[in-house]
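Sequences and hints are given; from them, build the entire structure.
What follows is each chain in one-letter form.
Number of protein chains: 2
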Amino acid sequence: MAQENKKQVEQITDMEVDFAQWYTDVCKKAELIDYSSVKGLFILRPYGYAIWENVQKELDSKFKATGHENVYLPLLIPESLLEKEKNHVEGFAPECAWVTFGGSEPLEERLCIRPTSETLFCEHYANIIHSWRDLPKLYNQWCSVLRWEKTSRPFLRHREFLWQEGHTMHATAEEAIEETERMLEIYADFCENTLAMPVVKGKKTDKEKFSGAEATYTVECMMHDKKALQGGTSHYFGDGFARAFDITFTGKDNRQQYPHQTSWGVSTRLIGGIIMTHGDNNGLILPPRIAPIQIMVIPVAQHKPGVLDAAAAVVSRLSAAGFRVKSDTSDQSPGWKFAEYEMKGVPLRLELGPKDIENHQCVLVRRDNGEKVFASLDQLEETVSKLLDSAHHALYSKAKRTLEDNTYPCSTLEEVRETMSARGGFAKAMWCGDLACEQRMKDEAGVSSRCIPFAQENLGDTCAICGKPAHHMVYWGVAY
Amino acid sequence: MAQENKKQVEQITDMEVDFAQWYTDVCKKAELIDYSSVKGLFILRPYGYAIWENVQKELDSKFKATGHENVYLPLLIPESLLEKEKNHVEGFAPECAWVTFGGSEPLEERLCIRPTSETLFCEHYANIIHSWRDLPKLYNQWCSVLRWEKTSRPFLRHREFLWQEGHTMHATAEEAIEETERMLEIYADFCENTLAMPVVKGKKTDKEKFSGAEATYTVECMMHDKKALQGGTSHYFGDGFARAFDITFTGKDNRQQYPHQTSWGVSTRLIGGIIMTHGDNNGLILPPRIAPIQIMVIPVAQHKPGVLDAAAAVVSRLSAAGFRVKSDTSDQSPGWKFAEYEMKGVPLRLELGPKDIENHQCVLVRRDNGEKVFASLDQLEETVSKLLDSAHHALYSKAKRTLEDNTYPCSTLEEVRETMSARGGFAKAMWCGDLACEQRMKDEAGVSSRCIPFAQENLGDTCAICGKPAHHMVYWGVAY
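Line by line, the protein sequences give chains H and G. Going left to right, the first sequence walks through residues 441 to 920 as the working numbering numbers them. Going left to right, the second sequence walks through residues 441 to 920 as the working numbering numbers them.
No lab work stands behind these hints: they were computed from the structure. Among the hints, a few may not be true.
As the list makes no split between identical chains, a pair holds if one copy fits it or if it spans any two.
What the hints assert, rightly or not - Here are the simulated lysine-lysine pairs, DSBU-like style, with alpha carbons at most 30 Å apart: (1) LYS469 x LYS524; (2) LYS766 x LYS577; (3) LYS524 x LYS468; (4) LYS766 x LYS692; (5) LYS468 x LYS504; (6) LYS826 x LYS838; (7) LYS497 x LYS577; (8) LYS577 x LYS479; (9) LYS744 x LYS692; (10) LYS577 x LYS502; (11) LYS504 x LYS469; (12) LYS497 x LYS766; (13) LYS468 x LYS838; (14) LYS641 x LYS868; (15) LYS577 x LYS469; (16) LYS838 x LYS667; (17) LYS577 x LYS468; (18) LYS502 x LYS840; (19) LYS649 x LYS882; (20) LYS524 x LYS590; (21) LYS502 x LYS766; (22) LYS469 x LYS692; (23) LYS692 x LYS468; (24) LYS692 x LYS577; (25) LYS641 x LYS882; (26) LYS577 x LYS524.
Just so we're clear, the structure is a prediction, and the values are computed from it rather than from any experiment.
Printed below as a string of structure tokens:
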């Protein structure tokens, strides 16, 4: 990096010095986010929101391809409706923001801003589900939700955040469970193949599952600082909500019965995950498949004749080939621009100056590893496509190595405690299934159960905490 | 329509009998909307939401093509922030829903759910605009807003509704005014060429303009019942908000100055407009360019060998050609299906039975005029494309005729009163520009000013109300 441009980047704290500060610096400096005057309510700036738009576009097409339809349900939930399912209300009521006035009039019943919409979907489903012909209902909603939490951090913990929430109803438990698994697979595939974030797929323990769910499935990712981030969750509710909301249907056998329910969601937290999985001390590194700008074209000596025209021609060629490409023709120096888009994590920089034009070539520089190639303009589309693909795979492999290198099989609580406090990361350890042991792991080793992975390994026959017979191998860690 | 299927449609009240009931019946029966347990909060069902998704897709690409970027700002506005611009708060505070509790704690300052976001954008702009290099800022936001109104009606008046709100900042008044006009043109073009809704473009009077704006521009449409519906509005704010929020920038001349601002929006009201512009007594009629399903394929005698395969083949051909196409292979009768998709306003029905397959043809029936053609499967894509285009133009022409046939030049207040009470529609009449006259028109003729159209005509030299010199020709009418 040119000396004169060090200043831009100096404002980003090194992650080894202070990881939390590095993270906040990147969010602010890369113009992903801004603060509002209300604590916990953030502004998604164009560059940050564009990442979310790409998340939406990609996931929405996967949802539609699997038969889901989008709907929009109200922002506000009457208190009495929220209270219909006991476990659910206990989980969410303490975090609700309450509307008590409409204009100058106090409301007869206070309304909470949705923290999640199970209760609203159930009220609607009770109206529209009557017969087996009405099933399955495969609905999804893109919206914002609000949870009045004490602490806040960009993307990771907003009082208001954007997400999608799928809510489905099925004739049988089997179908509903299948749906829960299908959606978890979609999340896992999306994390790995679009965001280049390797995941551990598994089931949450009862302690960690969603309020009101029978089972919660999760994809867990590991960040640079070795902490866990839950990438997405998928819940199976059985017929608990259906009973509480009196949703019944007449089966093919003419019998009245309760449908079985799921919900599943991912949120803007994923953007926090991208930053903390791939970023470095020069700023953001965006995986090419989600980057709002995949290629930034930077003209060199742009005052010389032909340079801006050649840059514009390259932009329209790459854009026509389906790439997300821009050029910066402002009067800042090329060095300033190099540093700027490095900091903003654009996967590929394309430099084009008079000499390059003469030689019918350009310079391509990968953000993830700094690799620099001189490329002929003849096969430009092909070269760019290969470099972006290589960048995706390199980012994935690097993150996968981080995950594997920092996952430690442990056979006792003591070993978990020592390993975690010395190195962080995930501990794999056997567990008897008792809440008491899970609680001891939390209290004594400082880690929570991340999931019971689908890919079980037998690390021993006894629980690492109490020594009784083990039933599950569990991933443990410190989570965001 | 087959006799046996009359029942489906009998549940829709004739519009000549009760227009309001016809409208509500269509919204419910076509499954566009459902009610929630809170008055004024509606549920957009998949078919209704899919129309909104098409509105979003189309407009969003027009916004991006004109340099706008999407952002997301918070849902909640502190009371003190809302109060910063005097006229604005007076317009909106009476309709705000107020959050007073976060969890179990009362808030120090109450927060309103955004009724519109000018104040939030201004707070953000004050943070990020410093130099002429930071301008223009061309931002847009897709979100829901809340206005606690007394009455409610599907799509036309929701307490919570979905919309987009553009908010832009410019270095000069000229640039800002140009932007206001550019966005109004985009709305007019969208209404006419996508929704087949002819518009009258013009400026609002001071009485009817947006709270806090210097000028409001509008596109006004006429519904079946001759009432006006505001399709979209675009506001020029001058530097009023900038002064109130202390947003300044250093110009190229090194002078500190205030930027000039616009905002513009359309909402789910447009869906109400589509229904009331095109629908008939058999239900919805959707313009092809916005219809979620453009072609519904209905197999006839589907139990016979080859029919379902042929239907599936047609669906994949049309889908590959870029049409939005579905087939209904449920066990309902073809007659039931014909009536169902007629009611749901699908622009084109494609019938395909054993005899058609034998003759290598299908039957195509237009929803808008009932025209039925036998089409060879060879040129199917071309035929479908032509029919959909014809349907669009026919719908537009019909609506244009309605608008023209029901717009009456009037030279006195008395003539406006008589014409409006006898026939409804729009009155065109000259106006001196005084609020008092506008108010008299409202009180005595029961109509409000819809707009001062850009296309001015000179209908006389004196104000139709007071007889003093006239300055404008105004459209008057009853509005939704």
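Status of each hint after checking the structure:
{"no.": "1", "hint": "LYS469 x LYS524", "in the structure": "between (45 Å within a copy, 29 Å between copies)"}
{"no.": "2", "hint": "LYS766 x LYS577", "in the structure": "between (42 Å within a copy, 18 Å between copies)"}
{"no.": "3", "hint": "LYS524 x LYS468", "in the structure": "between (41 Å within a copy, 27 Å between copies)"}
{"no.": "4", "hint": "LYS766 x LYS692", "in the structure": "between (57 Å within a copy, 25 Å between copies)"}
{"no.": "5", "hint": "LYS468 x LYS504", "in the structure": "between (34 Å within a copy, 24 Å between copies)"}
{"no.": "6", "hint": "LYS826 x LYS838", "in the structure": "within (18 Å within a copy, 53 Å between copies)"}
{"no.": "7", "hint": "LYS497 x LYS577", "in the structure": "both (22 Å within a copy, 25 Å between copies)"}
{"no.": "8", "hint": "LYS577 x LYS479", "in the structure": "between (37 Å within a copy, 25 Å between copies)"}
{"no.": "9", "hint": "LYS744 x LYS692", "in the structure": "between (76 Å within a copy, 24 Å between copies)"}
{"no.": "10", "hint": "LYS577 x LYS502", "in the structure": "within (17 Å within a copy, 33 Å between copies)"}
{"no.": "11", "hint": "LYS504 x LYS469", "in the structure": "between (35 Å within a copy, 24 Å between copies)"}
{"no.": "12", "hint": "LYS497 x LYS766", "in the structure": "both (20 Å within a copy, 22 Å between copies)"}
{"no.": "13", "hint": "LYS468 x LYS838", "in the structure": "within (25 Å within a copy, 53 Å between copies)"}
{"no.": "14", "hint": "LYS641 x LYS868", "in the structure": "within (14 Å within a copy, 67 Å between copies)"}
{"no.": "15", "hint": "LYS577 x LYS469", "in the structure": "between (43 Å within a copy, 18 Å between copies)"}
{"no.": "16", "hint": "LYS838 x LYS667", "in the structure": "within (16 Å within a copy, 63 Å between copies)"}
{"no.": "17", "hint": "LYS577 x LYS468", "in the structure": "between (41 Å within a copy, 18 Å between copies)"}
{"no.": "18", "hint": "LYS502 x LYS840", "in the structure": "within (24 Å within a copy, 40 Å between copies)"}
{"no.": "19", "hint": "LYS649 x LYS882", "in the structure": "within (16 Å within a copy, 60 Å between copies)"}
{"no.": "20", "hint": "LYS524 x LYS590", "in the structure": "both (26 Å within a copy, 28 Å between copies)"}
{"no.": "21", "hint": "LYS502 x LYS766", "in the structure": "both (27 Å within a copy, 18 Å between copies)"}
{"no.": "22", "hint": "LYS469 x LYS692", "in the structure": "between (59 Å within a copy, 25 Å between copies)"}
{"no.": "23", "hint": "LYS692 x LYS468", "in the structure": "between (57 Å within a copy, 26 Å between copies)"}
{"no.": "24", "hint": "LYS692 x LYS577", "in the structure": "within (16 Å within a copy, 58 Å between copies)"}
{"no.": "25", "hint": "LYS641 x LYS882", "in the structure": "within (21 Å within a copy, 65 Å between copies)"}
{"no.": "26", "hint": "LYS577 x LYS524", "in the structure": "within (21 Å within a copy, 46 Å between copies)"}
The structure shown violates none of the earlier numbered hints.
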